[in-house]
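When you get a sec, could you build the whole thing from the sequences and use the hints?
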Amino acid sequence: MLQILTPEGDLVGEPPVDVERTVSLYQQMIEARAYDRKGMALQKQGRLATYAPFEGQEAAQIGAAAPLGDDDWVVATYRDAALMWAQGYPWELLFLGRVGDERGGSPPDHVPVLPPSITVGGHMVHAVGLAWAARLLGEERIALTSFGDGATSEGDFHEAMNFAAVFDTPCVFLCQNNGYAISLPREAQTRSETIAIKADAYGVPGVQVDGNDLFAVVSAVTTARQSALAGAGPTLIEAVTYRLGPHTTADDPKRYRPDDEPDPWRERDPLVRARRYLEAADAWDEESERAATDRATETMDRAIELAEATPDTAPDHVFEGMFAEMPPHLRQQLGEARR
Amino acid sequence: MPETTTYAKALNTALAGLLAGDERVFLMGEDVGVYGGAFGVSDGLLDRFGEDRVRDTPISEDAIVGAGVGAALTGMLPIVEIQFSDFVVNAMDPLINQAAKLHFMYGGRANVPLVIRAPGGGGTGAAAQHSQSLEAWFAHIPGLKVVLPATVQDAHDLLIAAVRDPNPVVFLEHKLLYKTEGHFEATDDVENPVAKIGESRVIRHGSDLTIAAYSIMTIRALQAAEQLADDGIDVEVIDLRTVRPLDIGPVRESVMKTGRLVVAHEAPIPVGVGAEVVAGVVESNALDYLLAPVRRVGAMDVPMPYAKDLEQAVIPQTGDIVDAVKEVIKS
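Quick mapping for you: the protein sequence lines, in order, are chains B and X. Residue 303 in the working numbering sits at position 303 of the first sequence, with consecutive numbering throughout. Residue 1077 in the working numbering sits at position 77 of the second sequence, with consecutive numbering throughout.
Please note that the accuracy of each hint is not assured.
Stated by the list, open to error - 27 Å max Cα-Cα, derived DSSO-like pairs, lysine-lysine:
#1 B:K44 x B:K254
#2 B:K44 x X:K1179
#3 X:K1175 x B:K44
#4 X:K1326 x X:K1257
#5 X:K1330 x X:K1257
#6 X:K1196 x X:K1257
#7 B:K254 x X:K1175
#8 X:K1330 x B:K254
#9 X:K1308 x X:K1179
#10 X:K1196 x X:K1101
#11 X:K1308 x X:K1330
#12 X:K1308 x B:K44
#13 X:K1196 x X:K1179
#14 X:K1175 x X:K1330
For the record, the hints were derived by calculation from the structure and aren't laboratory data.
Next comes the structure, spelled out in structure tokens:
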């Protein structure tokens, strides 16, 4: 398993980015965690619908976005807000989607991020199509698709990997192995020793990295992206991490894992080790931590304010979203819905 | 001694009875074991029957249904759970091309006594991909039976009937019904089902108009009937219970008595079960008894919106049935 930064914040390999860039990525992780905790709190207050937290997976997501070009596609899941945001999807739209408003699924123009996939695994094949289109159009861009360990049990995983491999599509498959498919632990999902090893069957490179190590993720995605752009096809990256929270706010992890199971993973917290590294490099201190945390809190307050200030969806929205032109029977139903 | 329980508990009781009563029965699906099912339907069954018979699976709907088909071919009686009925789409090949056709294609030599349990329906704020009512899809396929219990007792009795049926049965539970309480009598005899698949039933007698419904819309139809009674309109309610095979006889007989028909389902109206029910009535001499045009009540023709108020607007509610009945009575 590739590791560059240990949980203690010590280097055991070559960092793929300089200290200045690391500060910026660490700040992004702080912001991502602030979003996630805000999301959990807002859901408890009844201001968001179901929320799927990603606490503990910040390095896997921010690290995966870091090497991407501005045009690279991101095709991700309901647990990937940090990854989507890092590629340009605004926090307020991510909140808006979770408030229960389909307009949160409309990314701004020129943001190459598909709205999050809600069903498990169905989006991986989309990434293959996006990448194939990029090749046909002669565009210098890749498609990165993110999914969990659970999704590798779906047939979509096999078909997406196989297609991408035989067509040499410029794809990066990022599996965030967070230990669980809702209640089912990783070892009950597959007999494969690792998820990365599954790449062998498709004839493509498979790399297992410490998913809580920002540098390991950045490094693996950088290499995979270069390979994809060079025409060498896809890479499967398994980022080993841990879902510190529940599957979603509708879930109770006490039913399937011991209360203290997350504790050792708290010690492997991706933010803690990045901070230790930066403090040792004299690039970070208590003061910068406080400032970054305050800034992140303000950003999230503003984002939810913007989302909640969005006027409620009118019935029109539901019908307008159906076809390019509204057929007569929907026009009639819209009239009824307005009443 | 009659008691009350919840729809979910009644299903749990039926599952426990079936597992205890027949070694060929086993249950598999996502989070059905340790977690007890996403809606708690299989709570406690893993502890009681062990992991060979209450099997947590990877997220693999194709394999869940496909392996269920394979096991059923040997004479086992698998009950497979698809966590949300929307995910059955990931298993359409084993369901539509295999389960529904193998008895036919094997020249009648093999049976597929498989039950696919899946929660459907909206109203839980679960948005477009977790809220659909797909029964018409399944009902269109020769070789499948499609069961949608409305009452607590039927949840129990029809599940037993589904498992005892030698054909593949799609058993669609409604998410909003799981917590509903109702009259319940458990039976120890899971060999001989009390209920029969393919039997609709008059559950409220009336003389002015017939409402045919199933699943949660039966409950809403009963509520509508109570409200309409206050206005002096006497409604008969028929619970279809299974939409394939569809037992149209009681609907025809009722229409011959009342002369008016409203069909209600939560699925969108176009190409839905409602059209089939109406056709089944007008293809008989019940047509001559109709005093007014029939009406179908169903969801608006759009995916389920995420926003609560829009979701409520899209799903047909009790008030929509009341309005439809009044229109038919007036016309």
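Evaluation of the provided hints:
1. B:K44 x B:K254: With Cα atoms ~18 Å apart, K44 of chain B and K254 of chain B stay inside 27 Å; holds.
2. B:K44 x X:K1179: 22 Å, holds
3. X:K1175 x B:K44: 22 Å, holds
4. X:K1326 x X:K1257: 18 Å, holds
5. X:K1330 x X:K1257: Since the Cα atoms of K1330 of chain X and K1257 of chain X sit roughly 18 Å apart, the hinted pair holds (cutoff 27 Å).
6. X:K1196 x X:K1257: OK: K1196 of chain X and K1257 of chain X at ~25 Å, within 27 Å.
7. B:K254 x X:K1175: 23 Å, holds
8. X:K1330 x B:K254: Distance ~57 Å between K1330 of chain X and K254 of chain B Cα, so the pair is violated.
9. X:K1308 x X:K1179: 19 Å, holds
10. X:K1196 x X:K1101: The hint holds at about 22 Å.
11. X:K1308 x X:K1330: 32 Å, violated
12. X:K1308 x B:K44: 17 Å, holds
13. X:K1196 x X:K1179: 24 Å, holds
14. X:K1175 x X:K1330: 34 Å, violated
Checked against the numbered hints listed earlier, the structure breaks hints 8, 11, 14; every other hint is satisfied.
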